[in-house]
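Protein sequence lines, in the order shown, are assigned to chains A and B.
The first sequence: position 69 = 69 (my numbering), numbered continuously.
The second sequence: position 137 = 137 (my numbering), numbered continuously.
Worth flagging that the hints you see were computed from the coordinates, not collected in a lab.
Yeah, the Cβ is synthetic: ideal placement off N, Cα and C, and Gly gets one too.
One or more hints might be untrue.
[What the hints assert, rightly or not] Per the computed footprint, the stretches of chain B lying under chain A, defined by three or more beta-carbons under 8 Å from a beta-carbon of chain A, are:
id, region
1, 59-65
2, 183-195
3, 198-211
4, 282-291
[Claimed, not checked] Here chain B is said to cover these stretches of chain A; the calculated rule only asks that three of the stretch's residues, wherever they fall, bring their Cβ under 8 Å from a Cβ of chain B:
id, region
5, 43-55
6, 58-66
7, 84-94
8, 98-109
[Claimed, not checked] Here are a few chain A residues that face chain B, going by a calculated C-beta distance under 8 Å:
id, residue
9, T27
10, L32
11, V36
12, T69
13, G73
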Amino acid sequence: VPSDRPGRTLPRGLPSPPPTREAGRVTATGVLGAGVVVAAVGLVVTFRGTRWPGRLLGLTVLALGAVVTSAAGAAPTTVERHAGAGVVAVLAAAVTAAGMLTVLRWLARRLDDDPERPDAAPTSLDEGRG
Amino acid sequence: VSVAITLLAPVLGAGLVALLPRGRRAAAALSIALATAAAAIAALWVAWRGGARSWRLAGPWDTEVVVLADGLALVLVLTTAVVGTAVVAVAAIDEARHTGGRATGDRAGARTRDAHDPRGDLPGAATAVTATVAANWPGWLGLWAAVQVLLVAGDLLTIYLALEVVGLLGAVLVAGGGDRPAVLAGTRYLAAELVASLTVLVGFALLWHATGAFALADVAAALAAAPSATAPGLAGPGLAGPALAVATLGLLLKVPLAPLHLWLPAAHSRAPGAVSPVLSGVVVTTATVVAVRLWVQTAPTALPPATAQLLGGLGVAAIVWGGVAALRATGTKRLLAYSTVSQLGQLWLLLPLARAGSADGVSGGLLHAVAHAPAKASMLLAAAVLAEDAGRDHVDALDGVASRRPLSVAAIGLAGVSLIGLPPTAGFAAKWQLLDASLATGQWWWAVAIAGGGLLTAAYVTRLLTPAFVPPDREPGPAGTPAAARRDAREVVALVLAATTLVLGLRPVEALTLLEVGAAAAGGTP
Numbered sequence: 001v002p003s004d005r006p007g008r009t010l011p012r013g014l015p016s017p018p019p020t021r022e023a024g025r026v027t028a029t030g031v032l033g034a035g036v037v038v039a040a041v042g043l044v045v046t047f048r049g050t051r052w053p054g055r056l057l058g059l060t061v062l063a064l065g066a067v068v069t070s071a072a073g074a075a076p077t078t079v080e081r082h083a084g085a086g087v088v089a090v091l092a093a094a095v096t097a098a099g100m101l102t103v104l105r106w107l108a109r110r111l112d113d114d115p116e117r118p119d120a121a122p123t124s125l126d127e128g129r130g
Numbered sequence: 001v002s003v004a005i006t007l008l009a010p011v012l013g014a015g016l017v018a019l020l021p022r023g024r025r026a027a028a029a030l031s032i033a034l035a036t037a038a039a040a041i042a043a044l045w046v047a048w049r050g051g052a053r054s055w056r057l058a059g060p061w062d063t064e065v066v067v068l069a070d071g072l073a074l075v076l077v078l079t080t081a082v083v084g085t086a087v088v089a090v091a092a093i094d095e096a097r098h099t100g101g102r103a104t105g106d107r108a109g110a111r112t113r114d115a116h117d118p119r120g121d122l123p124g125a126a127t128a129v130t131a132t133v134a135a136n137w138p139g140w141l142g143l144w145a146a147v148q149v150l151l152v153a154g155d156l157l158t159i160y161l162a163l164e165v166v167g168l169l170g171a172v173l174v175a176g177g178g179d180r181p182a183v184l185a186g187t188r189y190l191a192a193e194l195v196a197s198l199t200v201l202v203g204f205a206l207l208w209h210a211t212g213a214f215a216l217a218d219v220a221a222a223l224a225a226a227p228s229a230t231a232p233g234l235a236g237p238g239l240a241g242p243a244l245a246v247a248t249l250g251l252l253l254k255v256p257l258a259p260l261h262l263w264l265p266a267a268h269s270r271a272p273g274a275v276s277p278v279l280s281g282v283v284v285t286t287a288t289v290v291a292v293r294l295w296v297q298t299a300p301t302a303l304p305p306a307t308a309q310l311l312g313g314l315g316v317a318a319i320v321w322g323g324v325a326a327l328r329a330t331g332t333k334r335l336l337a338y339s340t341v342s343q344l345g346q347l348w349l350l351l352p353l354a355r356a357g358s359a360d361g362v363s364g365g366l367l368h369a370v371a372h373a374p375a376k377a378s379m380l381l382a383a384a385v386l387a388e389d390a391g392r393d394h395v396d397a398l399d400g401v402a403s404r405r406p407l408s409v410a411a412i413g414l415a416g417v418s419l420i421g422l423p424p425t426a427g428f429a430a431k432w433q434l435l436d437a438s439l440a441t442g443q444w445w446w447a448v449a450i451a452g453g454g455l456l457t458a459a460y461v462t463r464l465l466t467p468a469f470v471p472p473d474r475e476p477g478p479a480g481t482p483a484a485a486r487r488d489a490r491e492v493v494a495l496v497l498a499a500t501t502l503v504l505g506l507r508p509v510e511a512l513t514l515l516e517v518g519a520a521a522a523g524g525t526p
């Protein structure tokens, strides 16, 4: 079996080495799947949370999974024509998610600091009344 | 040039207003709103005469921003500008009144700080029209800018980022009401938006992986070149279907459709008077626009017919749930917020109609969004005036208000006629188009849902208006004398906004034609 290096051959019967691009794509697919699983776990934790700390933890895990997924989805081996844009996309996604989480944490802390908190402690993401 | 001015004016205006002294902010915001509206009219005129256009703006590191100036984007940009200008005008008028009133100790809304009813009887902070906008003009203009960017965005990254900014600023403006219920509503709103945005991001990332493209046009080309039927699996175009499904799940929460809508009524009813109209009239339609971009324009054959029927079913659930909840609500703003849920359900009926190949269904659904925006904004502006007048936001507080505030009641009535779908309003034209498309595609069940939704709307609009014509038990005038009719400029603005549904209803063909400009190539041509 001819090799891509001059003067070397691979043992007969073994498959040819996959191209780097294909290997990168397979890796990206694996990371993509892992990111989706992490995001799904975060989603479950968020909706099962009955207090803001629990929800924030779930949202953080969800954000982590989403950013990992976007990193795999926008990997240079995937979006070849816009490899740099892929990096920008991941950074932008991470920054905006972190920003929204920060604002949410700040608002949740305002609720926790409220002296009227026991009267209206949130039990779900919706108000569900009226 | 007109598109650039339309997009940049609110962005630059947000920064400019932040630098101005507080007393000059309202006037500056009004100038920016008028400039944006004029540019939006010019952009739509250019599209009407010359057809749709798209631009690919190249940035550093291979980045690319795609701008779509098609009929869908520009009509909704103009709708946003009309609603935005009206709200800014009302807020500016109200700010001037409050500034004058404060000097004489007659601060409007100060008497309404105590009552709190979880079913919707709001305290005064939510009825003061400019309570937050005056303090947060930059945030308000930033929200407007983000909505416009979202409407014209033609690539997945810009769409995602704009969705994030719209959600963030919307929640901050809701929480800016200041009291605990407003902060709680804003926090829940932001949590829901964050879940939705991140789910959309996961869907978009899968789509990037499936197609290797960011721009909607490139995604459409990749899917057309390698349809999923010939390339199954989870590493190529076969992933596009699941990717779009995940993104749609996030959009369903953003819209929101039943049963994911439960964050909306609190957020929209607790928001300050000048924020609710924009949220209920304009912001809610943006997620649907993204769904149309994805399912109708980018991957028209990727939506399985059964899934299209499921999405339509969720729309029907929203129609019924929102309509029944509106009938039971006690607060005026909460009633209108549930009405928004119900109307959004009708909007989503366009997807099963589009899947059946009905262009009329798509344009009818989009016209429904265009008709709903000024109608709902007008109702909320008028409701804020009435709530301020009555001292609380409660349907029972509207007793006999027609004699005191005839213009506000007229605005609610006229906008209500459009929401119900009666001629000659734009709501009628939109629902007629949807009904026609339902019957033409053999999906009669959607026609039943639209007709039922109209009846529910008629019931809750009647419930809202009936007390206004019933003489109150006790006259609020001094010494038992009947209260004289009062008018102010804010009511005139609300009535003019409601009248736009009438104007649009008299020229529905032009509106529908404009919405269809560039619809075939809206994915954006390189």
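Comparing the hints with the structure gives:
no., hint, in the structure
1, 59-65, "holds (count 5)"
2, 183-195, "holds (count 12)"
3, 198-211, "holds (count 10)"
4, 282-291, "violated (count 0)"
5, 43-55, "holds (count 4)"
6, 58-66, "holds (count 5)"
7, 84-94, "holds (count 8)"
8, 98-109, "holds (count 7)"
9, T27, "violated (11 Å)"
10, L32, "holds (6 Å)"
11, V36, "holds (6 Å)"
12, T69, "holds (4 Å)"
13, G73, "holds (3 Å)"
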